[in-house]
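As given, the protein sequences belong to chains A and B, one line each in that order.
Count along the first sequence from 1, then add 283; that gives the number in our numbering.
Count along the second sequence from 1, then add 283; that gives the number in our numbering.
In short, the hints are calculated from the structure, not lab data.
Where hints are given, some of them may not hold.
Copies of the same chain are indistinguishable here, so a pair counts whether it falls within one copy or spans any two.
To be verified - Once the Cα atoms are required to be at most 30 Å apart in a straight line, the calculated DSSO-like pairs of lysine-lysine come out as:
#1 Lys317 to Lys548
#2 Lys317 to Lys346
#3 Lys434 to Lys460
#4 Lys469 to Lys317
#5 Lys434 to Lys491
#6 Lys616 to Lys548
#7 Lys317 to Lys512
#8 Lys330 to Lys317
Computed from a predicted model, the values in this text were never measured in an experiment.
There are 2 protein chains.
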Amino acid sequence: MTMTRALIGAALTASLFITPAAAQQAAPLEVPAKSVPVPSDVSPQMKKIIGMPLRTNWDIHPKDGAAWKPVAEAGAETLKKLVPGMMERLHVKVERTTIDGVRAFIVTPERMRPENRDRVLVHVHGGCYVLNPGEAGLPEAIFMSGFGGYKVISVDYRMPPEAVYPAAHDDAMTVWKAVTKTTDPKKTAIFGTSAGGALTLAMVMRAKQEGLPLPAAIAPGTPMSDTTKVGDSFVTNAMLDNVLVSPDGFCDDGAKVYAAGHDLKDPMLSPVYGDFSNFPPTILTTGTRDLLLSNTVRVHRRLREAGVEAYLQGGEGQSHAQYIRDDTAPETKAVFEEIAGFFAKHLAR
Amino acid sequence: MTMTRALIGAALTASLFITPAAAQQAAPLEVPAKSVPVPSDVSPQMKKIIGMPLRTNWDIHPKDGAAWKPVAEAGAETLKKLVPGMMERLHVKVERTTIDGVRAFIVTPERMRPENRDRVLVHVHGGCYVLNPGEAGLPEAIFMSGFGGYKVISVDYRMPPEAVYPAAHDDAMTVWKAVTKTTDPKKTAIFGTSAGGALTLAMVMRAKQEGLPLPAAIAPGTPMSDTTKVGDSFVTNAMLDNVLVSPDGFCDDGAKVYAAGHDLKDPMLSPVYGDFSNFPPTILTTGTRDLLLSNTVRVHRRLREAGVEAYLQGGEGQSHAQYIRDDTAPETKAVFEEIAGFFAKHLAR
Chain A
284 MTMTRALIGA ALTASLFITP AAAQQAAPLE VPAKSVPVPS DVSPQMKKII
334 GMPLRTNWDI HPKDGAAWKP VAEAGAETLK KLVPGMMERL HVKVERTTID
384 GVRAFIVTPE RMRPENRDRV LVHVHGGCYV LNPGEAGLPE AIFMSGFGGY
434 KVISVDYRMP PEAVYPAAHD DAMTVWKAVT KTTDPKKTAI FGTSAGGALT
484 LAMVMRAKQE GLPLPAAIAP GTPMSDTTKV GDSFVTNAML DNVLVSPDGF
534 CDDGAKVYAA GHDLKDPMLS PVYGDFSNFP PTILTTGTRD LLLSNTVRVH
584 RRLREAGVEA YLQGGEGQSH AQYIRDDTAP ETKAVFEEIA GFFAKHLAR
Chain B
284 MTMTRALIGA ALTASLFITP AAAQQAAPLE VPAKSVPVPS DVSPQMKKII
334 GMPLRTNWDI HPKDGAAWKP VAEAGAETLK KLVPGMMERL HVKVERTTID
384 GVRAFIVTPE RMRPENRDRV LVHVHGGCYV LNPGEAGLPE AIFMSGFGGY
434 KVISVDYRMP PEAVYPAAHD DAMTVWKAVT KTTDPKKTAI FGTSAGGALT
484 LAMVMRAKQE GLPLPAAIAP GTPMSDTTKV GDSFVTNAML DNVLVSPDGF
534 CDDGAKVYAA GHDLKDPMLS PVYGDFSNFP PTILTTGTRD LLLSNTVRVH
584 RRLREAGVEA YLQGGEGQSH AQYIRDDTAP ETKAVFEEIA GFFAKHLAR
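So here's chain A without its partners, still in its complex pose (with noise of 0.2 Å):
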């Protein structure tokens, strides 16, 4: 009996530390079927967002453009209704505009605090490149600006099938350059979620390779920072993820109907894959059970080897940027004042 529990206590130590030497083939873990309750540590707001069943339809392809159009001009229907709620509890107004000829929303407090007077937040919605136009990428700015206290500049960027990569892409940059013109970069910041959050790292990528200013701190949100494929949480993550669901979804075929034959593996469409040296302070936020846990993790890698200042924050059980779905919930509120705190540290006045 004594013999066996040392034979067990080799064992389970043999699997606790390895060498070199000890190193076993990697076939692939085989992780049995499971059932997931909702967590019970979340806000009752937070545990309906959580409980839901996998998003209908993930496994949607449409071709082209033209065959998201439909479906992006749908669901937009049904986000813009909740927009005049939003403002009005979070005491924001919106102002519609053109900059630059780039559509564009300007999101303002109501009550502007003083040391905000000055400051301008750049917004990039997400939507995997095809969804979300018009208001319905206004629910992030909204929540920036009315838990924060920001303007926020909202860049309504062309999608298909009006324009391909890397037309959202020019449309945030010209909207970036506009502001820096009238703004003094140290009082600006970049944000955005998926791949709003790719659309934050490259824009800092572009500028730097155009020589044009930074900004003081930026937040891309679980950033869809890799479309090929690669990050664990792909695979771990899939199937519990219910708003991602899979990679084989419709997400990363919007990227790609975006891309249009862009290089997917090229830094403006997988920032993880570019340069983060020189990059401003970046906050970077993820669930337990986002499909793009792994790319946020490893961008908040990337960012740290090269010397920049990183922070990561991740919430318990959610998903892909359920964060920004319910601004009762307080999850939100708090993913939000940090993100507001962060600013308020790294931005001058």
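Given chain A, put chain B in place with the hints provided.
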């Protein structure tokens, strides 16, 4: 066709953004079985660690300290053999000592950096409160000393069957008191992984309760912060984390044997439920496959809610505590250099 797409779009969006009124019953999510390959974007050394099969005999359940002892001894025998190589590669020396009756090791870099000469780190090893006695608890202390250039005092605390709760906590506090008598607390930190991460948190809570000095910073690695089985990744990463494997496995059982009937929800054994006010700056480490990913993220959030400077880092594809396995893995070096830099920033010279 257009109509169908429009409906799909509406459905997509409805599951993206929900209002409380649209909330659904939160049935468990049924996640199918999956085959999980070793992640590609990690080092060869880390691939070997991540690619190991599930720990042998993860579901053993020794019923008491006497039953655990041979398991712990056999494991320690295997681990001890790795220690000399670690010491040699990382250029540290180890000295066995006793501090006010408590067994401990003093780990010192061969060449002490001038700025670290007066700094002391206290280390509490992991192992579910039943494993890693003696030299088997040293790897993390050696990594910290070697990569960070710090003097480390590693507490070889009592475990079952020698003693049960609060013996390990008491031993750690005895060493803490002794250290703060001879070293300015502003020049100290406490760190540890797993049960050692929980002990690190519990030590700060006890120091606050007892009016003792606090360290200048702490580094709880993937802390066993909740022994009541709460934490979403206990389910989502079960049978995927190849180290802990399951919350119903050996580790939580070991903690229960140490608790010996003491309330597991006591913050001393489940520090996530404790009071985080006035905590020193804290750096937390986890991995994307970590069974304690949620319980690391939850501690991070509690710290931030208490206004504490708290920093989170996560390893791509890593299961529980896999950053303290192989000192030749670049991921290991990165984790310890990150912690060392955090300490360098917060500890007085």
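Structure-based check of all given hints:
1. For the homomeric pair lysine 317 and lysine 548, the shortest alpha-carbon distance between copies (26 Å) is at most 30 Å, but the shortest distance inside one copy (34 Å) is not.
2. In the homo-oligomer, the alpha carbons of lysine 317 and lysine 346 lie at most 30 Å apart only across protomers (28 Å), although the nearest pairing inside one protomer, at 33 Å, exceeds that limit.
3. Proximity of lysine 434 to lysine 460 under the C-alpha cut-off of 30 Å is restricted to the intra-copy arrangement: shortest distance 17 Å within a copy versus 50 Å between copies.
4. In this homomeric assembly, lysine 469 and lysine 317 never come within 30 Å of each other (Cα to Cα): the closest approach is 49 Å inside a single copy and 47 Å across copies.
5. In this homomeric assembly, lysine 434 and lysine 491 come within 30 Å of each other (Cα to Cα) only inside a single copy, at 24 Å, whereas the closest approach across copies is 41 Å.
6. Taking the shortest alpha-carbon separations for lysine 616 and lysine 548, only the inter-copy value of 28 Å comes in at or below 30 Å, while the best intra-copy value is 34 Å.
7. In the homo-oligomer, the alpha carbons of lysine 317 and lysine 512 lie at most 30 Å apart both inside one protomer (24 Å) and across protomers (16 Å), since each shortest distance falls under that limit.
8. For the homomeric pair lysine 330 and lysine 317, the shortest alpha-carbon distances inside one copy (19 Å) and between copies (25 Å) are both at most 30 Å.
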